[in-house]
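There are 2 protein chains.
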Amino acid sequence: MAGFVAVHTGAGNCIDETKYQRVIKEACMRATEILRNGGSAIDACEAAIMRLENCGHTNAGFGSNLCLDGSVQCDAAIMNGTTLNFGACTNVSRVKNPIQLARRICDGQSDQQPLERIPPMVLAASGAEQYAEQMGCAMVDPTVLISSKAKFHFNHYKSKYDLVVGNSKANQDSDGEPVPEPGNEVELTGAALDTVGAVCVDDAGNTAAGCSSGGILLKVPGRVGQAATYGAGCWATDTDELAIATCTTGNGEYLMKTLLAREICNGAFSSDCAVTSLHRTFKQKFLDSPLLPQQQDLYAGALTLLYYPKQSCGEVMWSHTTQSFCVGYMATTQKVPKFVHSPLPTYSVPGRSCVVNGHNFHLRI
Amino acid sequence: MAGFVAVHTGAGNCIDETKYQRVIKEACMRATEILRNGGSAIDACEAAIMRLENCGHTNAGFGSNLCLDGSVQCDAAIMNGTTLNFGACTNVSRVKNPIQLARRICDGQSDQQPLERIPPMVLAASGAEQYAEQMGCAMVDPTVLISSKAKFHFNHYKSKYDLVVGNSKANQDSDGEPVPEPGNEVELTGAALDTVGAVCVDDAGNTAAGCSSGGILLKVPGRVGQAATYGAGCWATDTDELAIATCTTGNGEYLMKTLLAREICNGAFSSDCAVTSLHRTFKQKFLDSPLLPQQQDLYAGALTLLYYPKQSCGEVMWSHTTQSFCVGYMATTQKVPKFVHSPLPTYSVPGRSCVVNGHNFHLRI
Chain Z
1 MAGFVAVHTG AGNCIDETKY QRVIKEACMR ATEILRNGGS AIDACEAAIM RLENCGHTNA
61 GFGSNLCLDG SVQCDAAIMN GTTLNFGACT NVSRVKNPIQ LARRICDGQS DQQPLERIPP
121 MVLAASGAEQ YAEQMGCAMV DPTVLISSKA KFHFNHYKSK YDLVVGNSKA NQDSDGEPVP
181 EPGNEVELTG AALDTVGAVC VDDAGNTAAG CSSGGILLKV PGRVGQAATY GAGCWATDTD
241 ELAIATCTTG NGEYLMKTLL AREICNGAFS SDCAVTSLHR TFKQKFLDSP LLPQQQDLYA
301 GALTLLYYPK QSCGEVMWSH TTQSFCVGYM ATTQKVPKFV HSPLPTYSVP GRSCVVNGHN
361 FHLRI
Chain H
1 MAGFVAVHTG AGNCIDETKY QRVIKEACMR ATEILRNGGS AIDACEAAIM RLENCGHTNA
61 GFGSNLCLDG SVQCDAAIMN GTTLNFGACT NVSRVKNPIQ LARRICDGQS DQQPLERIPP
121 MVLAASGAEQ YAEQMGCAMV DPTVLISSKA KFHFNHYKSK YDLVVGNSKA NQDSDGEPVP
181 EPGNEVELTG AALDTVGAVC VDDAGNTAAG CSSGGILLKV PGRVGQAATY GAGCWATDTD
241 ELAIATCTTG NGEYLMKTLL AREICNGAFS SDCAVTSLHR TFKQKFLDSP LLPQQQDLYA
301 GALTLLYYPK QSCGEVMWSH TTQSFCVGYM ATTQKVPKFV HSPLPTYSVP GRSCVVNGHN
361 FHLRI
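Top line first, the protein sequences correspond to chains Z and H. Its first residue numbered 1, the first sequence is counted upward by one per residue in our numbering. Its first residue numbered 1, the second sequence is counted upward by one per residue in our numbering.
I should point out that these hints are in silico values taken from the structure, not numbers from a laboratory. Certain hints may be false.
Which copy is meant is left open, so a pair is good if it fits within one copy or across any two.
Restricting the straight-line Cα-Cα distance to at most 25 angstroms, the calculated cross-link-like pairs of lysine to any residue (SDA-like) are [said to hold, decoys possible]:
# : residue 1 : residue 2
1 : K149      : S271
2 : K283      : I146
3 : K285      : E116
4 : K149      : I118
5 : K335      : N357
6 : K285      : F269
7 : K283      : P119
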C-alpha cells in the first residue's frame, strides 16, 4: 500500500541537527511501515509522533520542558482529514504518549453516546488522565517523563529566572548549578522550542495531522499550549480535489491567537499555488496579524502536506520564520527517509520574515 | 458616560423564563452602572457575568452543572475588542468567579514578562487555580459552587444514565431519587444549557465579550468546553468603522468545531447587513458545516453587539437554532433593562433552522 509521511522536531534555532536526524528518520520509517501494511494516515501519524515523544531529544512526552514549578505537563492533538474529527489533551503528566490519548479522543468523536451526549473533543489534567486510563493508554509516574537533560535545562534557566524576578531562593540553589550574575539575561522564547508534529497521507488519499509538546520551558503551570488548541497546532481537511494536512510549531500563544494551522489550510484551498499561499498566510495571517504584538519577533514554523487525489501526487512544504527548522519525509516507495535542516536565508531576519520550501511526491507512478 | 450592555442566560428550551428575568435585569443594571461611572466595556462585561455566575439559576459559577463524577468544573473566557487580548480558564473548581480569572489572564496578555516569556492565554485545572490565588481572585471550596438544584439534577439524570449504560450501581441510589424504568430515555443535550454571556460597548466605543459555563450536565471530567475555547465562546474586534462583540451558547463541541464566535464576527465585517450576515453564518458555517454531523440537531445561540463609532449607534442581535433564548439589554441612558424571551417561530425546526432578531441603540442622541 502507498503513502507518504513528513515529520518535524520544531522550528527554532537548531545548532546541533544531528540529535534530531536519527529520530526523525526512525519516525518516518515507522510510519511508512504502517502505511505499507495498510494502516491509515492517522495510524501512521500517531506512530511517528510516539517515536518522537519517546526519544528524549524533543520537547514532547519523555524529555518535555518543565513548568515553572518543576512539573511536566504535556499537550497533544490529532486531526483526521476525512472525518474532520479532532482530539486533544492538555496538562497531562501521567500519560506516556499524549498523542495516543489525543488519538483516542479523536476516534471517540464518531462514537454514538448514550442519552445523545456529545463526545468530548478536548480533555484536560486529571480528567484527561482518568479517561486515558479507561481507554487503555500507557500510564506512567509523572517523574518518568522528566529526562535528566530537561531537569538540567530547568535548573539552568530557573536560576536565571529567579535572579531576574528577584526570587530570594535563587542564591539557595543546591544543585551545583553556577549561579549567574544579575543582569545576565536570557531569552526563554527561543529555548527548546522542539515541539513535534507529523502529517500523513495513506493509500486511500486520507490525510491526518498531529502535534505534541511539553510547552515552553518555565511555562506557568496549567498553561494550555497550541498543541492542544483546535485550529492552532494541527489541521487536516480532505476533499475530492485536494487534501491538506498541516502541523505548526513556534511561539504557542501566537499560533493560538492566529489559529495558524487552520489559516494555512484555508489559504491553500483558495489558491492555485501552495508556495504562494504559504508565503501569503505567514505574512498576512501571522507576521502582519493585528492579533499579534507588532514590535515582537514572531516565531513559527509549519509542515504542510498537500495531496491531489486525481493526480495521485502531492507536495510536502516547510515554512518558518525561525533561524532553522528540522524536518524529514518519506514515501512508502522509498527505502531511506530524507532529512532536511532548513535554514532561514542569510538576508532574512528571524521572527520577521518567512521562508517556504518543499518537495513533490507521487503515491503511484 | 455612555455605554450599552446585553447579556444572555443560554439558548435552549426555556420553559420558565421568570427564573432568568430578574437576574438578567440585575446583570444589566450592574453593568450600566459601571459604564455610567466611566468603567470600561471589559469591566462591565466581567461584572455582568459575575452577577449571572453568582445567582445560582444559571449553569455558570455557583449552580453549575455537575460532571459525571459529581464534581464541578467551570470554564470562562473574555475578549477585549480593542487590544484583541483574550483570556480563558478551564476545569476550575475552586475559583468563585471563573470570569474574574479569565479577565486577569486577558489583562495579563499585555504585561511585559521577564526573559521575554509570553504570558499564558488559557489556563487549566490546578495550575489555573494557583494562578487565580496569586492574582487575588476569590477562592472557595469546590463544594461551595454546588447548588442543591444542581445536585438534584445530577442525581436525577445520573440514575437514568446509569440505567442506560447498565451501571450496576443504579439500583443502589440512596438519595431517595425514584429509580426510573429501563428504556425511559432522556436526552441530555437539551438539559440545562444555561451557559451565560455578555457583550458591552463603552463610552470610548471599545467592546468586550465574555462567557462562562459549567459545561453540559454529566460531562466527562476534564472536558474543555466552548466557554474556554478561543474563537468559539466569545469574540470581539474593534475597528474605526465597526466594532463587534459576540458570545455563543449551545452544544459546546459544535461551537468549538465551527469556531462560531469568530465566524460571526468575520462574517459581520464582510457584510453590509447584520441580519443577513448572522443568518448566513448560522446557515453556512454552523447548520451546514462539513465539520458537524449532518443528521444531528445542532443547537446554538449567539448574542451579538455591533457598534458604528462614526454614527455613535449600534445594534444588538440575538440568533438561535434552539426553541428559545433569554436575553436582556440596556443602554446607560435607560432606567429599566429590557428582557426578551425569544422563541423560534412555530414553522421552524429546533436544531435545524435559525431565527435572527435585534434592536437598535444610540450611545449619544
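Checked hints:
1. K149 / S271: neither (43 angstroms within a copy, 54 angstroms between copies)
2. K283 / I146: Cα proximity of K283 and I146: none, with 37 angstroms in one copy and 48 angstroms across.
3. K285 / E116: between (38 angstroms within a copy, 22 angstroms between copies)
4. K149 / I118: So K149 and I118 pass the 25 angstroms test across copies only (23 angstroms; inside, 41 angstroms).
5. K335 / N357: Intra 23 angstroms, inter 62 angstroms, cutoff 25 angstroms: intra-copy only.
6. K285 / F269: Result: close both inside a copy and across copies, 15 angstroms intra and 16 angstroms inter.
7. K283 / P119: Classified as between; 23 angstroms across copies, 36 angstroms inside a copy.
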